[in-house]
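Spelled out, the chains give:
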Amino acid sequence: MLRKIDKSLLMSVVILVLVLVVFQITTKGNLLTKRNLLNIINQSLTTAIAGLGLIFVAAMGGTNITAGVVAATAGVIAVTVARTAFALTFPAAMAVGLLFGLFLGFVNAVFKVPSFMASLAILIAGRAAFVWYVSSRIIFAPMDILALNKLEYKIPILALLTILIGYILEYTPFGNYVKAIGENENAVKFMGINVRRYKIWAYALSGIMFGIAGIFLIARSGGASHTMGTGMEMQVMMALFIGGVPVQGGTGTRIFKLLFGAPLIVLLENGLVLSGTSGPMTQLVKGLALLAIVYLSVRLNKVERLREPKEQLASSPGLS
Amino acid sequence: MALLFFQKTIFTPLYGLNFKNRGAYVPKDRDDHGLMLNASVRDNLLVPSARRLAALKNAFGFIAPKRVRALTKEAVDTMSIKTHDANIQKVGSLSGGNKQKVSLAKWLVQNLDFLILDCPTRGVDVGVKGYIYEKMLEATKEGLAILMITEELAEAIGMADRILVLKDGAAVRTFTRSEGFTEEKIVEVMM
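Chains as they are written, first to last, in this note's numbering: chain A, 169 to 488; chain B, -9 to 181.
Careful: at least some of the hints might be erroneous.
What the hints assert, rightly or not - Here's a subset of chain A near chain B, in silico, CB distances under 8 Å, partners left out:
| id | residue |
| --- | --- |
| 1 | D174 |
| 2 | F274 |
| 3 | I336 |
| 4 | Y339 |
| 5 | T340 |
| 6 | P341 |
| 7 | F342 |
| 8 | A348 |
| 9 | N354 |
| 10 | A355 |
| 11 | F358 |
| 12 | M359 |
| 13 | G360 |
| 14 | G418 |
| 15 | T450 |
| 16 | Q451 |
Unchecked claim - Calculated Cβ distances over 10 Å to all of chain A for the following chain B residues:
| id | residue |
| --- | --- |
| 17 | L27 |
| 18 | V37 |
| 19 | R41 |
| 20 | K131 |
| 21 | G133 |
No wet-lab data here; the hints were simulated from the structure.
Glycine included, each C-beta is placed from N, C-alpha and C at the ideal position.
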């Protein structure tokens, strides 16, 4: 039956096919070459890792648009730490991300500041501090970090993180709670579940993953300038939504949707660039695509709700 | 019996506090406070039991799919919830009576010590109403204590061992079944 098909997923598959067909034609076949595909995979890895963190926040129906600034800050600190002790690179980046995440989670869950506004404030202030610190310098990454920019390392790390996050999201109480918060926060409160605690944890996890993404971001670019990571937050959010994660969160949040969405959003950008579209035009198309996707996502989920009163009416006069 | 005074805000003392006895509150506003309408029957049943089912009862413990299936089956069978597929069907697409069965089933499978039911038969058709009463009595026989908050006098007279009348934020009087409930006596106190 139609009911069994996940409509959001269907939307993503349609978009994928559309993007592939259109760009394969407009790029005169340059889209699906081995080199370009490797390039797409390489580019989407950072987005996917950041998305693995954001998925908990998205499941709660919240947002965290600090991905870019957290990744940049964590990346720069990780590079600085790596110069003296390479072993501490990952812990340092994760700790920086954790602090950002805890702060946002605390502001959101305890002071009830909407996550979008709270993370926007952190984004602005954090970016300012970052620009002030880096100023016009370029902070180069040491060789150890640059060595991480290899698919042989990146793919196993992504796989490992995906399994870990996938496990938490699908098979643990925590994963079920965050999805339930996205469905109906009040109901979760009435179940006696400590919503505040799990919200803070979700934001903390998103921060940690942004931190890890920061290492790979700096490894790929070779160094950090003050613009490092700008626009990443939107890329990560688009990856989730284009993959079919419902905008309002909930049980439709699945890990494979992100793994589908991350390459898809990179593919969209890559296809536009290869077709000779100018930079601003690419951004314009991306913006419009995001709007369309979010609209579709909300729309597809609404249909389910509208069905409810009808069936209730139909069943009430009949047998119990 | 201090709990009884908190009719409107009864959940406040409930969560956050450590009761020695395990209990739950089934809210009056089923759709907004009780259920996740857009989630499947399975997910609605799973969330309150998640911690109990998980390995080590930890928030990051493994919930075996086998145990989720068993829980869903048990809940659907206990309350005979009419659903074509509990894994897929959204609670929002169930009838009012079946929705209420889901809200009750998710707690009844947990073997709790007490349940606070806030207007459990509100917006439920007559057949299911009787069924819910039946299940409540069955559960009390197995040792569950039920505190039912109700706006229907007949329901209280029919079901309760003790009736506590609340008026203007205070408990006015307690009636017990042994002294005999009559509508006139109770209404007199309520007025």
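Taking the hints in turn, this is what the structure says about them:
1. Annotation: interface hint on D174/A violated; nearest CB of chain B at approximately 10 Å, more than 8 Å.
2. Violation of the interface hint for F274/A is found here, the shortest Cβ-Cβ separation to chain B being roughly 18 Å, above the 8 Å cut-off.
3. The closest approach between the C-beta of I336/A and any C-beta of chain B is roughly 6 Å, which is under the 8 Å cut-off, so the hint is satisfied.
4. The closest approach between the C-beta of Y339/A and any C-beta of chain B is roughly 5 Å, which is under the 8 Å cut-off, so the hint is satisfied.
5. With 8 Å as the threshold, the beta carbon of T340/A comes within range of chain B, its nearest partner Cβ sitting at about 5 Å, so the hint holds.
6. Taking 8 Å as the C-beta contact cut-off toward chain B, the hint placing P341/A at the interface holds, the least distance being around 4 Å.
7. At about 5 Å, the closest approach between the beta carbon of F342/A and any beta carbon in chain B falls short of 8 Å, and the interface hint on this residue holds.
8. With 8 Å as the threshold, the beta carbon of A348/A comes within range of chain B, its nearest partner Cβ sitting at about 5 Å, so the hint holds.
9. This hint holds: N354/A has a C-beta 5 Å from the nearest C-beta of chain B, less than the 8 Å allowed.
10. Using the Cβ-Cβ criterion of 8 Å, the hint placing A355/A at the interface with chain B is satisfied: the shortest such distance is roughly 6 Å.
11. The criterion of a C-beta within 8 Å of any C-beta in chain B is met by F358/A, whose closest approach is roughly 5 Å, and the hint holds.
12. Below 8 Å, beta-carbon pairs count as interface contacts, and M359/A has one with chain B at about 5 Å; its hint therefore holds.
13. Interface hint at G360/A: satisfied, since its Cβ lies 4 Å from the closest Cβ of chain B, which is below the 8 Å cut-off.
14. The interface hint given for G418/A is met, as the beta carbon of that residue sits about 6 Å from the closest beta carbon of chain B, less than 8 Å.
15. With a cut of 8 Å, the hint placing T450/A at the interface with chain B is violated, because the nearest CB-to-CB distance is about 35 Å.
16. Because the smallest distance between the Cβ of Q451/A and any Cβ of chain B comes to about 33 Å, over 8 Å, the interface hint for this residue is violated.
17. Residue-level check failed: L27/B sits 7 Å from the nearest beta carbon of chain A, not beyond 10 Å.
18. Under the 10 Å C-beta cut-off, the non-interface status given to V37/B relative to chain A is violated; the minimum distance is some 5 Å.
19. Interface exclusion of R41/B from chain A breaks down, the closest Cβ pair being 5 Å apart, not more than 10 Å.
20. In this structure K131/B is separated from chain A by more than 10 Å, as the shortest Cβ-Cβ distance comes to about 23 Å.
21. Every C-beta of chain A lies more than 10 Å from that of G133/B, the closest at about 20 Å, which supports listing it as non-interface.
Comparing the model with each numbered hint stated earlier shows that hints 1, 2, 15, 16, 17, 18 and 19 do not hold.
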